[in-house]
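Colleague: Same order as they appear, the protein sequences are chains P and B.
Going by the working numbering, the first sequence runs without a break in its numbering and finishes at 350.
Going by the working numbering, the second sequence runs without a break in its numbering and finishes at 227.
Fair warning: there could be bad hints in the mix.
As a list, the in silico BS3-like pairs of lysine-lysine whose alpha-carbon atoms are at most 27 Å apart [unchecked claim]:
(1) P:228 with P:200
(2) P:234 with P:200
(3) B:107 with P:234
(4) B:107 with P:289
(5) P:290 with P:200
(6) P:251 with P:234
Computed beta-carbon distance windows for the label pairs [said to hold, decoys possible]:
(7) B:120 with P:276: 38 to 48 Å
(8) B:108 with P:249: 27 to 37 Å
(9) B:102 with P:197: 35 to 45 Å
(10) B:108 with P:197: 46 to 56 Å
(11) P:287 with B:107: 36 to 46 Å
Don't read these hints as lab results, they were simulated from the structure.
Because the structure is a prediction, the values reported are computed rather than measured.
Using N, Cα and C, we set each Cβ at its ideal position, and we do this for glycine too.
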Amino acid sequence: MQGVEPGALPPPCRAHTATLVDRKIVVFGGGEGSVYYNSVWVFDVTMRRWSKPEFLTKDVPPPRRAHTAVSYQGKIWVFGGGNGMQALNDVWTLDVSGSMDRLKWEQVETGRKKPSCRGYHTANLIGNMMLVYGGSDGRECFSDIWALDLGAFYAPYAGVPTVILNARGCTRTA
Amino acid sequence: MPVGARVRHDFLHSFADTRRWLLLKTEVSHRRLSHAVTQVGSYLFITGGHDGGDYTSDLLLFNLGQHLSPLSSSVGTAVSHTHTNIWVNDTMLTPDSQSRSSMSRGAHSESPLRLGDTMYPLWRTPGCLSSEDSMATMCLTMCTY
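With the hints as constraints, model all of the structure from the sequences given.
Modeller: If you want it as structure tokens, here you go:
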């Protein structure tokens, strides 16, 4: 565990997410007043004990609250939220398929077309889709609905048309 | 790296391990923040929240079958379209006895709305529901709109 005394509790916070994975509740982010968290706490519902996992990677999502999280195929998918200065629209996954002691964050590239930055939205897992609805960036209240296909994987060199730029700057597809 | 090879590499890299967002277009829109969304069968039940001006107690229904069936085969299993392709009959939202009779009529019935069928449009705000309403009553009430 990450410097956490046995029996330690997460700090008071609001607007975090709590995602059930097997028999553990994974709590991410949230905040108290002007303090925003990017910590992960895990509550084992059978042992009734909190733990704070280590991260296998240095690349972790910035602190946030009012974000959303869904669980899909061994990963917790986190979208958006806000850090007190700005709203966010990034997507991160937390790999929870193995041991809960050491977890791995990974930022997911979702292309150019994406929902605007927002928090206080909702996200529901529908099949292999994460449906994001509404939310706010602190100025505007949104009504749009977005779907992110969590199952899609566009493997390189497999069915992707090859675009070759010729000397005149024109493209052709190979 | 030659120009052509670099463009090819960048193009392929842009597809590698990349998920895509899709904006779902709806005829009607409702601004919401700090709301709650629960999936029930092929619908999202959207409760409460704030529309940017006021808190709301609205209950909105969002038809998943209409939007996601073409996108994912794993979503539309509980959805059967009638001939109008606008209304959806979802047995998850039908009381047991009505569900059985509805299912016995077949998934692609050409009949119009019937009592006991659970058919919701894309968006619906059933403002007349009370806490005493059973799901069956709710179904019938909503069909009368």
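Colleague: Confirm or reject each hint.
Modeller: Results of checking the hints against the structure:
| no. | hint | result |
| --- | --- | --- |
| 1 | P:228 with P:200 | holds (12 Å) |
| 2 | P:234 with P:200 | holds (24 Å) |
| 3 | B:107 with P:234 | violated (38 Å) |
| 4 | B:107 with P:289 | holds (14 Å) |
| 5 | P:290 with P:200 | violated (31 Å) |
| 6 | P:251 with P:234 | holds (18 Å) |
| 7 | B:120 with P:276: 38 to 48 Å | violated (27 Å) |
| 8 | B:108 with P:249: 27 to 37 Å | holds (28 Å) |
| 9 | B:102 with P:197: 35 to 45 Å | violated (25 Å) |
| 10 | B:108 with P:197: 46 to 56 Å | violated (32 Å) |
| 11 | P:287 with B:107: 36 to 46 Å | violated (18 Å) |
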